[in-house]
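**Q** Chain by chain, the residues run as shown.
Protein chains: 4
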Amino acid sequence: MASNTFGQLFRVTTFGESHGEALGCVIDGCPAGLEIHISDIEKELERRRPGAVHGSRDEQDKPEILSGIFEGKTLGTPIAIIVRNTNQNPADYDKLKDIYRPGHADSTWDAKFGFRDYRGGGRSSGRETLSRVAAGAIAKKLLSLHGIEIKADISEIAGIQDPEKIKIRLEELKTEGDSAGGIVNCIISGVNELSGLPIGLGEPVFDKLDARLAAAIISIGACKGIEFGAGFTAAGLLGGENNNDKNAGGILGGISNGQDIVFRAAFKPTSSIKKLQTAKDKNGKEVEVSVTGRHDVCIVPRAVPVVEAMTALVLADFLLLSRSSRL
Amino acid sequence: MASNTFGQLFRVTTFGESHGEALGCVIDGCPAGLEIHISDIEKELERRRPGAVHGSRDEQDKPEILSGIFEGKTLGTPIAIIVRNTNQNPADYDKLKDIYRPGHADSTWDAKFGFRDYRGGGRSSGRETLSRVAAGAIAKKLLSLHGIEIKADISEIAGIQDPEKIKIRLEELKTEGDSAGGIVNCIISGVNELSGLPIGLGEPVFDKLDARLAAAIISIGACKGIEFGAGFTAAGLLGGENNNDKNAGGILGGISNGQDIVFRAAFKPTSSIKKLQTAKDKNGKEVEVSVTGRHDVCIVPRAVPVVEAMTALVLADFLLLSRSSRL
Amino acid sequence: MASNTFGQLFRVTTFGESHGEALGCVIDGCPAGLEIHISDIEKELERRRPGAVHGSRDEQDKPEILSGIFEGKTLGTPIAIIVRNTNQNPADYDKLKDIYRPGHADSTWDAKFGFRDYRGGGRSSGRETLSRVAAGAIAKKLLSLHGIEIKADISEIAGIQDPEKIKIRLEELKTEGDSAGGIVNCIISGVNELSGLPIGLGEPVFDKLDARLAAAIISIGACKGIEFGAGFTAAGLLGGENNNDKNAGGILGGISNGQDIVFRAAFKPTSSIKKLQTAKDKNGKEVEVSVTGRHDVCIVPRAVPVVEAMTALVLADFLLLSRSSRL
Amino acid sequence: MASNTFGQLFRVTTFGESHGEALGCVIDGCPAGLEIHISDIEKELERRRPGAVHGSRDEQDKPEILSGIFEGKTLGTPIAIIVRNTNQNPADYDKLKDIYRPGHADSTWDAKFGFRDYRGGGRSSGRETLSRVAAGAIAKKLLSLHGIEIKADISEIAGIQDPEKIKIRLEELKTEGDSAGGIVNCIISGVNELSGLPIGLGEPVFDKLDARLAAAIISIGACKGIEFGAGFTAAGLLGGENNNDKNAGGILGGISNGQDIVFRAAFKPTSSIKKLQTAKDKNGKEVEVSVTGRHDVCIVPRAVPVVEAMTALVLADFLLLSRSSRL
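Chains as they are written, first to last, in the numbering used here: chain A, 3 to 329; chain B, 3 to 329; chain C, 3 to 329; chain D, 3 to 329.
Because the hints were derived from the structure by calculation, they are not lab data.
Each hint should be verified, as a subset may be incorrect.
Treat identical chains as interchangeable: a pair holds within one or across any two.
Straight-line Cα separation of at most 20 Å, SDA-like style, residue types lysine to any residue; simulated pairs [claimed, not checked]:
1) Lys75 / Pro200
2) Lys64 / Arg86
3) Lys276 / His297
4) Lys277 / Asn246
5) Lys248 / Gly192
6) Lys64 / Glu23
7) Lys97 / Gln279
8) Lys276 / Gly295
9) Lys143 / Arg325
10) Lys97 / Asn285
11) Lys99 / Gly35
Given only the sequences and the hints, what does the whole structure look like? Please build it.
**A** Shown next as structure tokens:
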């Protein structure tokens, strides 16, 4: 698996730098006959471009489908989707050209590739998740046909759970030029409450459902941890306490057991802050830096549709893989 | 990637049921010329077979190398290693044949495959990790040549950190017929303190170093969560607080930055307990069950070398992959 | 490997239908720092769009690079290239909507996917090779840096080897509304005659250099056969006669031996001919059909750059893979 | 895909050197519930160990199943099969230790890996095909359940088609210390003549049925060419002549069309001959060499079951993959 491709049967390849010509994805392996309308993708991208969400930057993201859809349905061929970058102003980034912003991948990319697109983080920008959301929109349509629904939401931000208090705290942090992290909760459930989720999704031994979900979610830029069901709490329980389905989080031995699948993901605070920080430049010299621009005070609200998208990609893949279990 | 194969360039395929003829692995992609002695593998398997460790069952695991080594060195061809199962007594499991043990994969395997090896969990047994440890031993040798060292240890068991108190608590639980979970801590560091870890391991976007480590570790049977660097704690920090290398856990943008890589993994308590539990049988009928046998009161001590092995497999793969970053 | 992705480290994903919005490719795994200019791609596409070549249809194929190149060099991130379809007139194909053209994939696609883009063959059109050529242009640049050159040419068309006679024969066939097949010869050699080709490209056992080349070339639409070195002739030779390097075609045991690699590929005649043929329609009814449009009398001249492109993709991949053979 | 693993869903990993401890394979992805008896494997291995076949060396190959089968049926877990090497006498090979036998992979392996198992060719020995045949036996069982049958036979040896004359010619060559090549013909057909082969096997664009078969067959040691349907002959036909199903060889656009699939594969003469040849040694010095031992005068008879096995592996994989084409 190349590093910009995800999945085995339902496969997504993404591309694009933050300030390049365009970002996009190619979805290969989506079964033929699935009805797709451009609005299915726009709707999800809109959730990621959070006008109403506190402290998020504004972007106009118009998807275009280049292939794979004919007469409103998938052909079984690769679905290419692109979103052009507009109103990028590379000049904004000239002053950061030689500085390794704290918490960012600037230094590691330079070390690895000897060279990088310094404009807004290039490929390591959070903007990359746009491609994931576009691809996830297709996966969600497939899953919904098979009675599977994915719903993520904000569990807490800056340690606060009350939405009103979160809002106030984020305004404060904006003023202070600082940022906050948080936790996203995600539930995968059956659309039909009676039948529940399909049983048997996930593949032993290395491609357990939770293992693949973990890779999918941790691969999102700022994610620093994930737990399933009782998670870290389970580590402190006794066997007699822990042995019930709720703590399992819907997965036993890496395979879905038909109950809701539940996981939580931790996101670190936005690394780009206006507040002065000490950083290093290309030559190892210490410099004071204030990272200005349209950065989110907290990326957690925008991470919600990304978590859903990555979850959908994993589930769609396992749905197709599960067709090979039996004769 | 088939579900019993792990890795892209340094690849491991494992096989074997708990009470079948043998377990083993095939390591494909190990560079030629690496010195390997059978004792390298025995030593790691011995750590997983913890005589001295509290509450672990005894096994005699003798590895045999079938291919890939010639005159003491790897040939660049697949290295096959097998360990025969001895003294298994399938009769022990006859009474559990039609019962779905709580916390186990019995029901999900039946649902997925329509059929399963009920003897000790078959392929979903913790015994499967033996193959991982054997393969990890080869990966460790390769890594050590490149100055990389992996060291996992017990962070806490049953919420307790003091080794002496853990010992006492496990004895109590054994008597009570119950079990405990815990947390494993893992550090990847450079053998040479001055040069540190290689920078540039990990591949953007989906194969970030932490994403692949997460999949590797969560794929271990009882693991329910993982966090890198400050992990879930980072979710409550402000950007100004979190933006330092210690919290990053040695990884920025999915790529190693040369500092120690640190993660923690949560393991649930052993599902097999002597204490009476309510279970369901194949026909959905509720039954009372006591799972007897040589089960570990706590698998965390034996998870330590497994965590190291999986970490080694990920690192070895990224070491080879990193050779493609530049012209 | 999904079916629209090719390669393991140097990986290409292609997309696009003959009469959809655009065709294109995403190249993942190209090392960073390689100089690429849009003209590198245009030049190869131009060879595929053979104005001067006898009996080929005219197309205007303008490539656009969407990502992966910064300041004229590859970033190590995915390189997305698209070519918009222009002046397609789907109405041309309405009359063939329900007819399975002889020699084409119309019937098999309908059987497989239950549905197809009937406009010019959709994804199964020869136009799909445009994406291969665009990707191959990048691979060629990488190879040329490492002293590897690929040169394909026409060995024969309609059984004729003399270029002048071929030209006359193709004019005749055009008048008759018929078509011709032919054979393409391909040589991979070292740019520097003294040093020759790199030794050691190709991976045992299943990814032998010739095995992967065979898959690459046979995957080109009309290709019906391939032979390496002495090929089918070798089947009639004695060991004493055959055991010389020339007959090996530069490959021993699936690995390059430093000498020129030589293979020949057979292409069937264009299936789309004006001449009346008996075909079946969707309902199994026999109909007489004349396939009009701008079809090539012989696709062999245009197959030449496609053969080179696929060869380049294989070689680029093996070049990167060969870096893992040793410690 | 690592080079010793073949297939995407029905996957086989092989291992073993000619004179090492054992050879074998691990089959991952075989659906659960398939009845397998050790005799299914023995029967195919016996066809490869051709007592009655002219000029083949004798071996006793006893397969042992280590995992994946329970109560006579596949579990859906990896099936590991090993065959121990017996009566190998490495001393036989000492004199060839530093000599690069003409037509063999000795020199290329040394160049690639810096080191090789010189005993009988090590991993590059034809004995490696034993693992393919063992795995193919499982694939054949799966295919036969789905009405698919594979039948290969000798088309010609040393340019001769008459079996009696072939026999005589091989005896002559044995006496002369020389060897012969030949052509294998293979037909894939439906067990039930009325229903024929399944339509829709094969995946566009790069994983066309013929492309994958080509890779599978050319990956067999001595194979130098392959052609489908009319093959190289088609290159000389006109479109009007070629456009019929017989010439297509059962494949249109890379997808099976329900008719018999037909291909021919060319095998070079055995490289190991008793006749004196000029070879080079490790230091580039020319030496005269006579390769003695139990080498086949012609490997074509033994290639027949290997061709069938590889074909079965490809078909089994596509059978499972075809389940993803539709919703």
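**Q** List in ascending order the numbers of the hints, as given earlier, that are violated by the structure.
**A** 1
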